[in-house]
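**Student:** Based on the provided sequences and hints, a complete structural model is requested.
Note that the protein sequences, when read in sequence, are chains A and B. Under the numbering used here, the first sequence has 105 at position 105, and the numbering climbs by one with no breaks. Remember, the numbering used here sits 1000 above the position in the second sequence when you count from 1.
If you're looking for bench data, these hints aren't it; they were derived computationally from the structure. The reader is advised that the hints may include incorrect statements.
As the list claims (entries may be wrong) - Chain A residues, not near chain B, derived (Cβ > 10 Å throughout): (1) P21; (2) L26; (3) C27; (4) A29; (5) G31; (6) R46.
What the hints assert, rightly or not - Result set (DSBU-like, lysine-lysine): computed pairs, CA atoms no more than 35 Å apart in a straight line: (7) B/K1185 to B/K1248; (8) A/K117 to B/K1075; (9) B/K1248 to A/K117.
Just so you know, even glycine gets a beta-carbon here, dropped at the ideal spot from N, CA and C.
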Amino acid sequence: MAHLPAARAATTEDFLAQSGPELAALCTACGACFNACPMVDHLDLRGADPTMTTDGLRRLATGESAPQETVSWVGACTKSGLCVSACPQQSAGLNAMLLVRIAKQRALNDTHQIPAKQDPTLFPRLKVYARLQLSDEELNTWL
Amino acid sequence: MALTEDRVTFWFGCNMLRHAEMIRLSIMLLERAGYDVSTVGGPAYCCGTAHDHQPHAASNMAGRTVSRFNEAAEKDGRGTVVTWCPSCHMHMSDIMAPGNAGRFDIAHITELLADRADRLTPLLKVPVKRRVLLHRHMGFATHVAVNDRVADVLSRIEGLVLIEGPAHPGHMCSALATVPGALDKAASETWAAAVANRADTVCTIFHPCHRELAVLDGRNDIGVANWVQLVAEAMGVNTSDAYRDWRKGGAPDIAAIERADQSRYQLLVEPEIRRAPILPAD
Chain A
1 MAHLPAARAA
11 TTEDFLAQSG
21 PELAALCTAC
31 GACFNACPMV
41 DHLDLRGADP
51 TMTTDGLRRL
61 ATGESAPQET
71 VSWVGACTKS
81 GLCVSACPQQ
91 SAGLNAMLLV
101 RIAKQRALND
111 THQIPAKQDP
121 TLFPRLKVYA
131 RLQLSDEELN
141 TWL
Chain B
1001 MALTEDRVTF
1011 WFGCNMLRHA
1021 EMIRLSIMLL
1031 ERAGYDVSTV
1041 GGPAYCCGTA
1051 HDHQPHAASN
1061 MAGRTVSRFN
1071 EAAEKDGRGT
1081 VVTWCPSCHM
1091 HMSDIMAPGN
1101 AGRFDIAHIT
1111 ELLADRADRL
1121 TPLLKVPVKR
1131 RVLLHRHMGF
1141 ATHVAVNDRV
1151 ADVLSRIEGL
1161 VLIEGPAHPG
1171 HMCSALATVP
1181 GALDKAASET
1191 WAAAVANRAD
1201 TVCTIFHPCH
1211 RELAVLDGRN
1221 DIGVANWVQL
1231 VAEAMGVNTS
1241 DAYRDWRKGG
1251 APDIAAIERA
1261 DQSRYQLLVE
1271 PEIRRAPILP
1281 AD
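**Tutor:** See the structure below:
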């Protein structure tokens, strides 16, 4: 069981806006997170320059455009989490997985280097699954 | 109402709605471990993690869900939110809580069951004679050692031989689906490991992995089951798996389809349950 961290902002949107530059400032662009990431092999990016790629991570987190290698990498984050312990700045408060997440969001919404993928059918589909299987009582109390 | 550690909110997430039996079995296990469970999930309790492209909407979803859990803590004494889904758990810990004042603790279901292993172990009375390969991912270990927790509970079942499968990237199979080839590789490596180790069961931990692998049930004489189904089996509880049956060619009964709205079923569900298996036939 874990105690949740104390709130640092009024909304998650505010928190993410605030955290991007904070985490980017802690990042030294050493490339350790990139080197530890198992998705790099899937993307055939093992030959890319880790320093350049993670410098792009810092850029994205502050809302600036990044090289294509960085964009491909953050766009393929599957939350393996190996970057977290690989980061030499972890003890200074840098959560590398969160930095990658924020960078991906910025690439989606600010620099528009990742196209938005929307599935407007997700919630309607789940509601059909619920009505296929749940009793009236479960529908009323769980959802 | 005063908070008590036995009163919990079980937050099953959104996509678990495909697997009603797993939700019910999870509730049963928590109750048999001595917890008083209130169950919630679905779109009204969305964490927002799948809505990165809509940051304002995602933020509102997160705020709404945290405030509902705060209310459960204050009015109903439920100070612990128990997660199933690793996406929900990580999103709560890393993003929702720092942006909303949560007045509750968080725990994964495997942590709570491990805490009460002394109560659960005597209930595992029925031998389960299976060679079980555990389908694992690397992710989520940053928050909860879920592979170890599930292995621990399965190892308490008499007759069950546990084989730890390869640890795949990501926190669950759905994450891999966005990277070309990654999901196919994980599925084929799991299946190859099951065959090589003469397993008769592949055990999934999370629902998206079950969603992908369930259709392979029976191939090479290997079944597919989720860990809660195996634990329930050891308790002498008969389990079913509608999603697995549908993926293998079955269908919901007509009354259920009519209740869900036949046209919506045909539009939204049938294409999913009829899609080709992740691994081609031998």
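**Student:** Work down the list of hints and note, for each, if the structure agrees.
**Tutor:** The hints, checked one at a time:
no. : hint               : in the structure
1   : P21                : holds (15 Å)
2   : L26                : holds (15 Å)
3   : C27                : holds (16 Å)
4   : A29                : holds (21 Å)
5   : G31                : holds (18 Å)
6   : R46                : holds (14 Å)
7   : B/K1185 to B/K1248 : holds (21 Å)
8   : A/K117 to B/K1075  : violated (39 Å)
9   : B/K1248 to A/K117  : holds (29 Å)
Consistency note: the structure conflicts with earlier hint 8 alone.
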